[in-house]
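Here the protein sequences come in this chain order: A and B. Read in my numbering, the first sequence has 224 at position 224, and its numbers run on one by one without any break. Read in my numbering, the second sequence has 47 at position 47, and its numbers run on one by one without any break.
Everything labelled a hint here was simulated from the structure, so no lab data went into it. Keep in mind that this is a model prediction, so the values were computed, not measured. Accuracy of the hints is not assured; some may be wrong.
With the C-beta cut set under 10 Å, the calculated list includes, among others, these residues of chain A facing chain B [to be verified]:
id, residue
1, Leu16
2, Val26
3, Gly29
4, Gln34
5, Gly35
6, Leu48
7, Gly50
8, Thr53
9, Ala71
10, Arg108
11, Asp111
12, Ile243
13, Arg244
Beta carbons: idealized from backbone N, C-alpha and C, even for Gly.
Number of protein chains: 2
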Amino acid sequence: MSEIDLPEDHPRYQSLLTRHRIEAGVEKGITSKQGLIAEGRGEAFDYLLGERTIPSADQAAQAAAAQLLLADQPVISVNGNVAALVAPEIVDLADAVGADIEINLFNRTPDRMAAIAAHLREHGADEVKGLTADGRIPGLSHERAKVDADGIGSADVVVVPLEDGDRAEALAAMGKTEIVIDLNPLSRSAESAAIPIIDNIIRAVPNMATHARKQQEMDREALDSIVDSFDAAAARNAGETAIRNGELS
Amino acid sequence: MSEIDLPEDHPRYQSLLTRHRIEAGVEKGITSKQGLIAEGRGEAFDYLLGERTIPSADQAAQAAAAQLLLADQPVISVNGNVAALVAPEIVDLADAVGADIEINLFNRTPDRMAAIAAHLREHGADEVKGLTADGRIPGLSHERAKVDADGIGSADVVVVPLEDGDRAEALAAMGKTEIVIDLNPLSRSAESAAIPIIDNIIRAVPNMATHARKQQEMDREALDSIVDSFDAAAARNAGETAIRNGELS
Chain A
1 MSEIDLPEDH PRYQSLLTRH RIEAGVEKGI TSKQGLIAEG RGEAFDYLLG
51 ERTIPSADQA AQAAAAQLLL ADQPVISVNG NVAALVAPEI VDLADAVGAD
101 IEINLFNRTP DRMAAIAAHL REHGADEVKG LTADGRIPGL SHERAKVDAD
151 GIGSADVVVV PLEDGDRAEA LAAMGKTEIV IDLNPLSRSA ESAAIPIIDN
201 IIRAVPNMAT HARKQQEMDR EALDSIVDSF DAAAARNAGE TAIRNGELS
Chain B
1 MSEIDLPEDH PRYQSLLTRH RIEAGVEKGI TSKQGLIAEG RGEAFDYLLG
51 ERTIPSADQA AQAAAAQLLL ADQPVISVNG NVAALVAPEI VDLADAVGAD
101 IEINLFNRTP DRMAAIAAHL REHGADEVKG LTADGRIPGL SHERAKVDAD
151 GIGSADVVVV PLEDGDRAEA LAAMGKTEIV IDLNPLSRSA ESAAIPIIDN
201 IIRAVPNMAT HARKQQEMDR EALDSIVDSF DAAAARNAGE TAIRNGELS
């Protein structure tokens with residue numbers, strides 16, 4: 001039995017599952033008003049993209065998986081919408097690449113932090129970072145700068161799905177290698193990323209985990225070559241072209 | 001003093017005013033969860049359109065104003081987002097063309113109906129229809145079919161901004177002349193409209209009122225010729241082209 005009462009091959013399955021999870025996120029205090037508006041923006045871009053993973057986004061997911069496997073200390077940053085939409089998939093990706101999971105909210109409140117941590121644990125996360133908040137990202141105002149010193153604070157590679165532009169730029173300025181998942185190829189987040197994945201997180205996160213599991217037997221040289229052959233600007237351009245030229249239905 | 005603490009010529013004024021009004025709508029019980037997601041979808045399309053009224057949308061607004069002035073019984077349909085975003089502008093447009101205002105909700109609850117009616121009255125609406133609900137639109141399920149018999153039920157021209165596709169199609173099937181405001185040029189609502197306005201309602205509604213006031217002295221022949229020269233398919237195509245080719249920023 002699936003999470004919603006529809007077979008997985010139903011043409012609207014993915015979009016109805018997304019809607020179901022976002023609404024459940026509101027009930028649980030995970031998704032904010034801003035999160036609902038952001039979800040709508042994502043829906044529109046995904047509609048224009050044809051609700052599919054374009055080849056350049058699949059290559060980006062492959063490079064991201066390799067980058068995470070190469071990392072000394074990879075961290076996956078999770079906000080309200082990420083937790084609501086892909087909690088089990090994030091836990092699975094963290095497991096596949098050996099990454100920590102850290103909660104980071106644009107609108108940080110103790111209640112939302114606790115609700116999101118509980119939701120991630122329900123979906124199998126052992127350790128959830130972000131609650132200590134003893135580190136700071138330089139150049140951001142107090143609440144938005146908070147990170148765990150032994151999490152994002154000292155990470156070399158961070159996955160920031162659905163991150164706001166200011167934070168994405170500030171993390172890049174700290175020298176972190178950023179993997180961004182964003183449906184808007186010209187957002188500041190996508191532009192500050194070493195690896196921008198222009199795709200819906202519902203598709204991108206499990207796709208990264210699948211690639212990572214295939215790459216687990218590869219040596220560093222092979223992984224390096226996957227990362228080196230990835231071209232961020234070309235991936236953003238391909239995303240923009242797909243949005244411009246996609247079939248509206 | 002403006003409604004938000006920013007001068008009207010600030011580059012982000014319109015977008016911040018929109019955000020402010022939508023959030024106030026949530027506080028007042030006017031805007032639903034679905035409404036917030038829909039707002040986000042609109043934001044993305046408007047971003048791709050360049051957050052401006054394109055020439056074909058201005059022509060559509062002009063044709064819509066003329067069509068309303070020619071109507072025997074024009075009605076403007078208002079849902080939660082319309083009330084939250086453009087209540088004073090809807091009241092002004094209704095005044096300029098002599099139209100009734102009727103509340104019609106996709107998710108109809110007595111509380112939301114009452115909150116929206118109160119909000120419209122606060123912004124100067126004398127009479128608000130939609131609460132009697134003694135008429136039905138054929139082909140829709142019970143709650144979504146409800147209209148006032150002496151409102152949308154007997155209207156010849158209806159303005160349905162931000163309408164869902166099923167209702168827009170059912171109203172067109174009843175023989176109503178529909179004016180739709182929708183940022184997605186290929187939505188079923190835009191496709192079922194006699195006059196689709198591919199624009200943000202924040203800009204389109206006051207623009208229609210401005211055109212109507214300029215047209216008030218025209219005779220029926222002049223108004224007819226404005227309506228007749230409007231080409232709905234060309235307007236939808238122009239909207240799609242603008243979204244495809246607009247400058248992303």
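Results for each hint:
| no. | hint | verdict |
| --- | --- | --- |
| 1 | Leu16 | violated, 13 Å |
| 2 | Val26 | holds, 6 Å |
| 3 | Gly29 | violated, 13 Å |
| 4 | Gln34 | holds, 9 Å |
| 5 | Gly35 | holds, 9 Å |
| 6 | Leu48 | holds, 8 Å |
| 7 | Gly50 | violated, 13 Å |
| 8 | Thr53 | violated, 19 Å |
| 9 | Ala71 | violated, 31 Å |
| 10 | Arg108 | violated, 18 Å |
| 11 | Asp111 | violated, 18 Å |
| 12 | Ile243 | holds, 8 Å |
| 13 | Arg244 | holds, 5 Å |
The earlier numbered hints that this structure contradicts are 1, 3, 7, 8, 9, 10 and 11.
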